[in-house]
Structures are given as structure tokens and as C-alpha cells.
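Novice: As a plain string of letters, each chain reads:
Number of protein chains: 6
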Amino acid sequence: MSRSLLVISAHAADFVWRAGGAIATFVAAGGVARVVALSYGERGESGELWKEPGQTEERVKQIRHREASEAAALLGARFECLDLGDYPLEVDKAALERLTAIIVETAPDLILTHAQQDPFNPDHPVAYAATERARQLASGSGVASAFRTVRPPELLLFEPHQPELCGFVPNVFLDITPVWEKKQQAMAVFASQSYLRQYYSERAAHRANHARRIAGYKDIERAEAFQRVLPQVVRSL
Amino acid sequence: MSRSLLVISAHAADFVWRAGGAIATFVAAGGVARVVALSYGERGESGELWKEPGQTEERVKQIRHREASEAAALLGARFECLDLGDYPLEVDKAALERLTAIIVETAPDLILTHAQQDPFNPDHPVAYAATERARQLASGSGVASAFRTVRPPELLLFEPHQPELCGFVPNVFLDITPVWEKKQQAMAVFASQSYLRQYYSERAAHRANHARRIAGYKDIERAEAFQRVLPQVVRSL
Amino acid sequence: MSRSLLVISAHAADFVWRAGGAIATFVAAGGVARVVALSYGERGESGELWKEPGQTEERVKQIRHREASEAAALLGARFECLDLGDYPLEVDKAALERLTAIIVETAPDLILTHAQQDPFNPDHPVAYAATERARQLASGSGVASAFRTVRPPELLLFEPHQPELCGFVPNVFLDITPVWEKKQQAMAVFASQSYLRQYYSERAAHRANHARRIAGYKDIERAEAFQRVLPQVVRSL
Amino acid sequence: MSRSLLVISAHAADFVWRAGGAIATFVAAGGVARVVALSYGERGESGELWKEPGQTEERVKQIRHREASEAAALLGARFECLDLGDYPLEVDKAALERLTAIIVETAPDLILTHAQQDPFNPDHPVAYAATERARQLASGSGVASAFRTVRPPELLLFEPHQPELCGFVPNVFLDITPVWEKKQQAMAVFASQSYLRQYYSERAAHRANHARRIAGYKDIERAEAFQRVLPQVVRSL
Amino acid sequence: MSRSLLVISAHAADFVWRAGGAIATFVAAGGVARVVALSYGERGESGELWKEPGQTEERVKQIRHREASEAAALLGARFECLDLGDYPLEVDKAALERLTAIIVETAPDLILTHAQQDPFNPDHPVAYAATERARQLASGSGVASAFRTVRPPELLLFEPHQPELCGFVPNVFLDITPVWEKKQQAMAVFASQSYLRQYYSERAAHRANHARRIAGYKDIERAEAFQRVLPQVVRSL
Amino acid sequence: MSRSLLVISAHAADFVWRAGGAIATFVAAGGVARVVALSYGERGESGELWKEPGQTEERVKQIRHREASEAAALLGARFECLDLGDYPLEVDKAALERLTAIIVETAPDLILTHAQQDPFNPDHPVAYAATERARQLASGSGVASAFRTVRPPELLLFEPHQPELCGFVPNVFLDITPVWEKKQQAMAVFASQSYLRQYYSERAAHRANHARRIAGYKDIERAEAFQRVLPQVVRSL
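Chains as they are written, first to last, in this note's numbering: chain A, 1 to 237; chain B, 1 to 237; chain C, 1 to 237; chain D, 1 to 237; chain E, 1 to 237; chain F, 1 to 237.
Check the hints yourself; a few may be wrong.
[Claimed, not checked] Coverage of chain D stretches by chain E, computed from C-beta distances (three or more under 8 angstroms per stretch; other residues unrestricted):
#	segment
1	158-168
2	198-204
3	208-217
[Stated by the list, open to error] Here chain F is said to cover these stretches of chain B; the calculated rule only asks that three of the stretch's residues, wherever they fall, bring their Cβ under 8 angstroms from a Cβ of chain F:
#	segment
4	128-137
5	145-156
6	170-177
The hints are simulated quantities; they were obtained by calculation from the structure and are not laboratory data. Every residue gets a Cβ at the ideal spot worked out from N, C-alpha and C, and that includes glycine.
With the hints as extra help, turn the sequences into a complete structure.
Specialist: Below you can see the structure in the form of C-alpha cells.
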């Protein structure tokens, strides 16, 4: 049976910059990937789109939906958005239940989401907290429960824009060299944000440099960094 | 080529209680395991032996050497001791160079040693610090060097006796169910310490309980806990 | 005047496994103990009961109430439940006011509750946060106030199931050897959870082993671990 | 153009004890200072006023408003209060929006508020969290946004009453010697709290002693301590 | 049998400012107190004495010895100095053995020493590290050993001059009101350091204010703060 | 009088990659900069040079000395090396005294050095510890002393190669746009390490991106990140 990956993203485009390589790698290995954005980032991260005269929120969301779906498709994933609003993103009880239901329905082996803190983004920590809570509710903490639960998934956090200020300490470096072209194509979808394309391309090269130094694998040219927050349970070291 | 494991232990018996399952698992998977004790623990951890009238330090060391070698053999590993003395253990420049040379010569894929702190054991943090420094000197930090180096090994810490007081946070649980009998036999070698045998048997069951809750693998009956301190570099999540 | 203990528990049975010995010791010394459960744990921690065909939530709560009351009585405490629901437990403004009123009414010398974090239990941190907030509101921070307040109680956290993953660092070990039989009887009430009885019996022996090593009191055979989170104010060291 | 300071205070008098010197210094240097209290502290910090027979909440608030306005005026600042209630202070969505609007309207260079934790004050952490969130919403995280934003202000925390218990680590000591008399006058407004006047006078001398030791400036006689929580961006070291 | 207190101080006068009240309280309760200074602080903390023309190191040490002995006597303790030199203080192997022997010989119930860090004092952390190591060697970690050991003593750290910068978080406040006069007399011995007398008098009042707020004991007028670093083992909560 | 900067570097080239912009900025503002390398990095960081047949340690040091001096000159600083050896770097008592004497002689306003930890470089933490200790000995902790001391300098840490793994949290971003060309020239001196030139050029652009987001200064194109570890003492906020 194929392995299952669930990416929970505060805004529509986050998953591309931060986990595009991980998604493509997962899919290339036969896995199934699903991206759930909590909002379109229509207010806080669509400044370029709002420069167009007569722009409307509805249209911004449509554009973001189209772009994110296309980028997800290039990476091999399915995209959907809960459209909860951004700046501020708020996850109320009903939204938490939807998220929990998504985890139960998907039964992912692995969940990727944002880091716990971010002093320069009010929505990312909200996404983290909602994901963390939904994960626990969906898995019933490994204890027999009165409700339907899934096997507890792994949880990894993706790299925030200013890692040290977010308390992010990477403990997993993923080699994305084989899927690098796919990630570039997905990033290229967001035409108006070319500077982020360059930033995250260089970042992938830096993380590869780190990975080479840590482990000595000389063939890694691009990498993504993650922070695993739950213990691994393994059969061998 | 077989994978290589190096266990660095402050005293002669530490590796059995804390990593006996990991060693046996590693060897069962075709790997080669080498245990290096920095001391025999002849002063601080051989109280039972000193109850015998006319006991001498030399004889205590011989007994400890025989027991540790036997336990290591049962687990499938080779045992040696640098005999640096204990309570206090001190690792001077020459000893650090020997340890570095051992790492270069062994070229381990994985090193296991003690946690960084221990308010109730003066030697364990010394073993950690020496291992950590030797590891860096042996691997040249992944940078081209003037001296012979090895590919940077992984580093995991084994569970101390009072984990929370040692700043130990396990992030790897190893299923040792298949090799549990071997670990029991190795523990049985230390005849005079039957209470530790019971303690670590129960501990293995508790860590298995934790592992089952974390990951949902219902077949885990015995486990050992470790703390990985360096990032993993992986090809897939 | 007798001293007063208030135990605030997320679910109906938590107080037995984690603080049964502390309650019995407190009562044996002439104190009065009151247990307030925020929920019955009817969804997340009553899986065994739900295996019975035709089971209903109301009946599960009744069984849990009876069991918890009986266990509390065996320990010498009075049990009540706010019945706020579990998985997820939520403490709204009215519930917070009830909890605050309970603290003011009880005027406890000591409050026991859950640890601040728990990656495998969504309700325990909620219980902590509510207790911590109610404690502050009830005691007015030691400043003259417009409302009735009590002398600030001590606050200790009880041991979570996976201590290191919950940021739990024990700084108080309580000798429960004299009341061990009582705790065993209280645990035996929860007939369907015999594995927890064994787990927490062994844990009590381990914590006793730790306590003996820390302080050298050789007569301690069973202990419970706690984390004190507020400073102690003492008349002598 | 003059620099702008915004002080966000949980209760009406906090800003005087904790940041009176900073406000006076800022104004003395040509800046403009605005103090926003979230509540009057009418319940939790007006105990003295409630000793008067027949006292009413409305009257307490009026007295607190008059005192705080007078103290602010002595320091050169303008005072206002959102009157959200205290013990417990709660900042709902509408209040958060008001606070965000105040930041956008003020466009401060610098915001001062409470520390993140306080085990002996339930309202101070609420003030911190609301300020931190409003600051992010108001500044749009330095990213182009669909809504009006301001240049990201600096954020400093002022000294809590029990610094170590609040996780407060001062990294900025401000010399308030030149404005010390003004701070004394402002503190004197709160006639009924003479013990706090003495406490914070001595504290200012202690912080000056620290500052002299840290930097060797022998002329500092009174100082206030702050914790900067965001990076500084500078043109020279 | 009387309880025994051992105070280990980096320089000759530290114990008076930081633990004078604790010593006098301990002695007043029938205990025996011994102060061991590692150095006289002849270089780094005797600046006033060196202002005298023709001053010599030998004479500075004599004056410091006389003053410290007198202050200790006023508090009821015996004073001695290992005279290891200061700025920098270094504790070599022989000195560590002397310190270990002192702990074995004294068999203290309680040890008081400096905090682990101090960015403005190079000797205090050295005193901490030596004390911590000697404590472990002297008590054999609660395990049967080949050498003579003592029951593991408690360990508390006294308040450094700039607590927050030293990572000091007080978790024990000791009421020293009953012995305050004695501490004042002991402080008065150090005639040339009148500003420290004032500083630590005010500090004692502040810590009393904190203690009153924490625990509501209204009769505490002077207090000293300590940080307990090892778990307490208790018979009741 | 001009301000004075002292940079203490574990190996000969570290100061260029990590603080080249800071040095040039400091000098451009009229300050005087002095770089002290503790070693030439002849073993651990000169791998390229050792590829030349018949290479000798002496010659490697000469080349490193020439390159580092040239790079320092381009930045406006004076370079010297204590030649203590690397991999491992060790700072004994005599070396610590030399370093202390250099600080006293230089009386710097500001010291820059490495971060406290580095799991992939055994020498950087040694440089930190030696610098930190020498700084304290040279400044006498702001207390009157028997020996010549200097006004306590500021201390900032420069960015390590893998910041998060070294516990590095930047709290100062320096705009180096005006001196960027100078830093590029200095980096170009190290001809054989062109990949580091690219790495640190991109890193400077990323840190500028961060700085723009943090503070909104849109003209910053290149920046260096630092961690200030001691409090600032200021006259205005």
C-alpha cells in the first residue's frame, strides 16, 4: 500500500517554498501527497496581486487557488483550501474538527506543517497549533478510544523564513537533488514572486552544503531542512 | 560492506544495560560492533566486588574485564578497555588521541555514548565530552583536511539512569523485541547486580509501551531509548 | 487546622496513577484531600468500556464516576467531576470561574495537576493551563484585591506517562512506601486497566530507586515524582 | 520628524513603575509617547481603594484614570485606557482589532509592554500576547499586504516584579539618571502605594549598579532594565 | 545529632552577602556551619585595600582572613581558606581532592555555593564546577563504592550579583527576619564596602516582598533567595 | 578618540567570511580594527594547500599568514596570529594570559568572536571560551581590582556555518551594503575557496532580506548577522 503524506499550510503557497522537494520525493517513491491550505493568504501574502486596479478578494483567492493547484500538480500532489481567512488566521472549533476529520480520512504516515513560533508571521504558529491538536485528536494518543482513530502519524516542521528567530533547529536534511527540477517548475508558477524563487534556490544549495558536511554524502546538491518533533520508532539504528 | 558500530562507555558494564539491545540488533542485521570502555569502573561501580576480603584493584579489573568481554560476546561485539581509571575518569591529551585514532581506524557509521550531563555520575559527562571531541577530530568536520579523516559518523546517546535529571530527551525508540533474549543473557553475566537486571528489564517494557503509543506498532514488547544529537541526512522522508 | 490538598485531573482516573500515593500520604498525615476531575475521560480513555455492545456515553460516565469515587475513597479523598467533556477538553469562561471558585472555597495549601505539555494527550495541557490561571485568579497574586482571595497555594505537577516528552523534570520525590498498599487498592478499582497497574507499580519502584540514589534513604521502596513549579518559601534550609 | 513610543500596559499604573524613566527619556529627546492601558486594574490592583466604605467599581476606575493621566502627563505622555476589565483581562477579537488599529495609527518606532510569562499575575501575559499579535498584524511582517501596514516597530519588554520567575533576562539597561526626578514625581501620584515607590526607587539604584559593572559608565545612578525580543537592525556596531 | 552545613565560596567575602542569613538561621536551629573559601579574592575583589601605599599580597590576604573569620564567627560558622588564588581561580586535581576530602570529612546535609554561570565574574563558575564535581566524588552517586563516601548532600546555589545574567532562577526563599541583625553585623565587618551593605540590605527586603507575594506569609521582612539544583526527597508534601 | 574593535578568530580566515563587513564598516566610521587569529588553521582548514606535493606545515602557515594579512589590510585591519595550533586548538594558561594582555593593551570597545557551540568544528568553541574568560580577566568585572583593567568591552558572536546547530540566534543585523565591495575583495584573496565566496555572498543577501523584513529598511542589500551576548547599556531607547 502506498505511503501517505499530508501537508498543512497556513497560506496557499507556503508548501511550495518549504516542502516542494519533500512532496516530489515522496511521490517519486510511490507515495500519495495531499496539501491542505488553511487560507489563501489573500490579505497578508498577495500584495503583488492587489497592485492591480479593481482587484477583489474573490479574484485574489481564485488566482491563488489556480496557482497553488498547478504547483501542487507539478509536484504530484492534490491541493485544497479550507479558506479560513488570513491576517489573522483563526481556527475555531468547527475548523479544528474539519482538520481532524481530514487526518482521520487521510490516515497519513507523515504530516508536514509550520514551526511553532514566528515573530514575523502571525498565522504560521496558528497553523502549527491547529495541526498539532488535530493530530492528537485524530490519533487518540495511541490509546483505545470511543471514536475512530488512525495510527499516530509522524510530524515534521518545515523551515521558516528566519529559522533562528522561530526556534527552528533542523534535525532532518532531505536530499532533493533528484527532484530539483520539479521544485523549480513549481516555484516558477508564482510568477510575481521571482525573488523568493532565487532565495529558496540558494537556500536549497546551502542546506545541501550543510548536509554534505554533516554526513559526507558528496552527491547532494540541493536539500530541504526539517525539524522532527516526535520520537522515531525504528527497527534498526 | 558491513555497517560498523562503535560504543564508547565510561565504565565496563554501562553498554550492556543501556545499549545491549541496540548492539545485538545491529549485529543481527549484519553489522560489526566494537565496545570501548574508558575505564573498568573499578572504584565507583564495583562495590559488590570490594566486599570480598583482601580484594585488590588489579583483581577487580580482571573480573570486570572478563564479565564485560563475555557480555559483549553474547551480544556479538568485541570489547576492549582503555583503563583510564574512574571516580574520577579523566581523559588527557594522549587518551583523546587514542580515542580519535580508534574512531579513524573503525570508521563507524554510528557512535553510541553517554548523555551530556549527569548530576549523579561524575564520569558519564566526561565520556560524552571526550567522545564528542574525538568524533569531530576524526571526521574533520566534513572539510578537506591535512590529516586522515573518516566520513562523519552518526551520534546517539543512550538512556541514563535518571533521564530527566540528565537533560535526556529520547527521540529514537529502538524495537529490541527480536533480540531481547540475548540482552537478558548479557545482563545475567553481571551476577551480583540482579536488581539492575530487573530494573532494565522493566524499563525495556516501559519504553516499548511508549513506542507503541507513539507509533502504533503493537508488536513491540521491549525497546531501548536513545537521543540523536546530530541531524539525519536522508534520501526520503 | 488540617492542611488541604486539591487535585485537579483532566480525566476521571488520572489522579490515581499519578498522585494516589501523595493523596494517601497527605490524608494519613491528617490532611483533607479533594479531587476535581474536569471530565470523565469518557471518549479518549474509556476504550475498554466501549467494547461492550450497546454502550452509551451516559453509562460510561456513570461507571467512571463510580470507579473514581471508590478509588478516591480508598485513598481518603472526596471525588467530584465538572463533566466538561474530553477529546477535546475545553475550559470556557464559566468553567474557569467554577474552578476559581473551587480554589477559593477549598483554600488549598497545595494543588496537584498535570504537566504543561504532552504531545500524546490533547487534554492534559488544557487542564494545566486552566488550573494555573484559576490559581492566580483565586489568590490575587498576593496583592490586596477587590475580591475575596486565598493565600497562594503551592503548585506541583504530577508525572506524565512519557515524562521527557512532556518537559517534565521531577524535583520532588515523595516516599509512598507507608501508603503503598492503599495505592494498590485504589489502582485495582480500575479492573479493565491491569497493564497500567503493573506499569505504575514498577514506576513507583523505579522512582524509589532514584530517590535512594539522590538522598541515600535506604528504606524507600515506592515513590512518586513531582515537579514543583513555584518557589518554596521556608523558615529553614 | 519626532520618534514615536507606544507603551501597552495591562493595568493603569504598570507603565509608571516599569517604564516611567524610559518614557521621560524618550520625551526629553524630542519623542512623542502614548500610553495605552488595557484595563484600569480595578479589581486586582486597587485593593487600597476598595477599603473605603461604599466604594464602587466606577469610582475606582475614575480615580485610577485621573491618577494614571496625571502620572503620564508628568512623564510627558498621553494616557488612555481600553477598559477591558482585569482579573481576568481578556482581549477578544474586537479588542485585538482596536489595538492593531492603534499601532497602525501611531506607527511607533518602539513598543514597550509586559514580559511573556508571570506566575503571579494572570493579566500581564495576556497583555504581552495581544501586543505581540497586534504588532504583527499592524506591520504585515515586512511583506507587501492587501491592507495598510506600518514599518515594523521595535519591541522591548519591561521588568516584571519578580524577573527570574517571568523568564525575564534584561539585555538593555537604560540610564534614567537625568529624568529620575520626573519618575519620582510620577510615582508619587499613586499616594496609597508608597511601598512600591520605595521598591522601584531601590530597584533603579540596583539596575544602575548593574549597568556600571557591565559597561563601566560610572555616572549612572538610576537605570531601568528591558528585554529586547526582536533583532536590532543597525548601520554600525 | 546536629545537621551540618558546608558553604563553598570562591572568594573570602562572598558567603556573607549571599548566604549570611542562611548560615545564621542554620546555626540558630542547632546546626553546625563550615565556610570554605577557595581563595581570598586578593586580586579581583580587594581593590580598596590596594589603594593603600606599599600594600602587599600577603597583607591583603591576612586582612581578608581576619575579616572573613570575624564575619563567620558572628554568623556562628567556622571559616577556612584553601588559598588557591583568584582572577583566575583554578582548581587543579590536588585541590579537587582536598575539596572532596572536606566534603567526606564534613558529611554535610547541605552544601551552598555559587551559580553555574556568571558573565561578570570568572571565578564563580569555577567554584560551582569544582563543588559539583567534588560533591559527586564524595557521595559516590548513591552507589556502593570501593572508597569511603557520604550520604549525598543537598545542593543549593546562592544568589549572584546579577541573577538573570547568571541563569539564576530562585526556587527557595528563606525567611531571615529572625537573624537579620546578625547578618547586618557580619556585613558591617567589611568596613570598606559600605555600598554592598546597602545593596544587600535592600535586596533582602525585596526578596522578602517576593516571598510574601508567593506564599502570603505577611511577617517576612528580610529573605535570601536560593536555587535548589537537585531533587528533594521528602516524606510528605 | 577612535573606537577600537578586536576580532578573535580560531583560524586564520574565519574573520573574513563572518565579520569582514563589520570590520570594514567599523573602520569606515573612523574606528581601529585588530584581528587576532589563535591558529593558522593549518591542519583542519587548509586541505586545498596540502594537495600540493611536498607541502610543509611551515609553508602552509606562511601562505595563510600572507593571505590573512592581505585580506585584513583590504578591510582596514591589522592581522596577527598566536599560532597555537589547530585540530585541536588548545589555549593553555600562558596563551590565556597573552590573550588577556592583548585585550588590556587594546582596550577594545567591542570584541567579536565565535559562537559557544559547534558540533562540526572542535576549535570554534575553544576560541569562544578563551575569549570570554580573557574578557572577564581583562575587565575585572567592573569591580576595583589589584591589577590593571579596562572598561568592559561589548561582546558579539559572529555567524557560524550552520547557525541553528550552534545555538546561534542573531539579534543584531548589520547593514554592510556600503562596504560590500571591500568584503568581496577580501574574500577573493582566498583564491582556492571560491565556493565559500559564493556561499557567503548569498548569505549576505539573505541576511539583508531578513533585515528588511524585520525593520523595513528597504535599502539594505547585504547584511551580516551577530549575536550580542551581554546587555547593552544605553542613554536612550
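Novice: Please go over all the hints and tell whether each is borne out by the structure.
Specialist: Here is how each hint holds up against the structure:
Residues of the segment 158-168 of chain D with a Cβ under 8 angstroms from some Cβ of chain E number 6, which satisfies the need for three, so the listed coverage holds. Coverage of the segment 198-204 of chain D by chain E holds. Counting CB-CB distances below 8 angstroms, 3 residues qualify, and the rule asks for three or more. Given as covered by chain E, the segment 208-217 of chain D passes the check, having 4 residues with a CB less than 8 angstroms from a CB of that chain where 3 are the minimum. Judged by the Cβ-Cβ criterion of 8 angstroms, the segment 128-137 of chain B is covered by chain F as claimed, because 4 of its residues qualify and three suffice.
Remark: the segment 145-156 of chain B is confirmed as covered by chain F, as 4 of its residues place a Cβ nearer than 8 angstroms to a Cβ of that chain, reaching the required three. Counting residues of the segment 170-177 of chain B whose beta-carbon sits less than 8 angstroms from any beta-carbon of chain F gives 0, not enough to reach three: the coverage restraint is violated.
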